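Q: Keeping their order, the protein sequence lines are chains A and B. Take 1 as the starting number for the first sequence in this note's numbering and just add one per residue. Take 115 as the starting number for the second sequence in this note's numbering and just add one per residue.
No lab work stands behind these hints: they were computed from the structure. Model, not experiment: these values are computed from the prediction. Heads up, some of the hints might be wrong.
[Stated by the list, open to error] To give an idea of the interface, some chain A residues facing chain B are shown, with a C-beta separation under 7 Å as derived from the structure:
#	residue
1	Ser31
2	Phe33
3	Leu45
4	Tyr48
5	Glu102
6	Phe105
7	Gln107
8	Gly108
Even glycine gets a Cβ: it sits at the ideal position worked out from N, Cα and C.
One letter stands for each residue in the lines below.
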Amino acid sequence: DAGVIQSPRHEVTEMGQEVTLRCKPISGHNSLFWYRQTMMRGLELLIYFNNNVPIDDSGMPEDRFSAKMPNASFSTLKIQPSEPRDSAVYFCASRNRRANTEAFFGQGTRLTVV
Amino acid sequence: DAKTTQPTSMDCAEGRAANLPCNHSTISGNEYVYWYRQIHSQGPQYIIHGLKNNETNEMASLIITEDRKSSTLILPHATLRDTAVYYCIVRPHSGGGADGLTFGKGTHLIIQP
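The shape of chain A in the complex, shown without the other chains:
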């Protein structure tokens, strides 16, 4: 199994531009999570999905952030418009909620907004 796959690994964009981060969860996993990590705030849960349905988006910082999961094998996190304070490492994780497995994390996307 290739694990949770995130793309791109690194993204540099200018303030005001739209940014889309992508995640492919582990096959068979039915829960997907988006986290953000910064030096100041550590690892924060942004949103999670169960069976492709968003369950809790209370961690999404503001309306500029949106996440979708159109099918069981793909999710996106979009920031529009991006701001320098959005610079962080964004992690996607998945787990098999039915089998109660632990969460497996991707390698993350390092986003820099200049």
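Fit chain B to the given chain A structure using the hints.
A: Here is chain B on its own, set in the frame of chain A:
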């Protein structure tokens, strides 16, 4: 509100056992203790979890006190590759209404050669 308390950093000599403490004095009866670690520039990695009995797997051992108010993660023979930030997390095993993990600041474990 912090549910766990861990030392900010610890050192351990290579080849020795690394013992990482965690206080969780407000743990509820249905909450498990989970340990994850994050090696530099990588995503967090699951290590082990337990409810009240001691647990062991190929990576580590987890010792939970009888009153469940604290626990210790033990890496029996630490190597340089174990240098990482170790997170202790308490949460219900089945997730329920809070499936996501709440990470604190963790312990930065440095294995010295």
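Q: Next step is simple, just say for each hint if it's right about the structure.
A: So, going through the hints one by one against the coordinates:
1. Ser31: It holds, given that the least Cβ distance between serine 31 of chain A and chain B is near 6 Å, below 7 Å.
2. Phe33: Phenylalanine 33 of chain A check passes; min Cβ-Cβ to chain B is 6 Å, inside 7 Å.
3. Leu45: 4 Å, holds
4. Tyr48: 5 Å, holds
5. Glu102: 4 Å, holds
6. Phe105: With a closest approach of 3 Å, the phenylalanine 105 of chain A hint holds.
7. Gln107: 6 Å, holds
8. Gly108: 5 Å, holds
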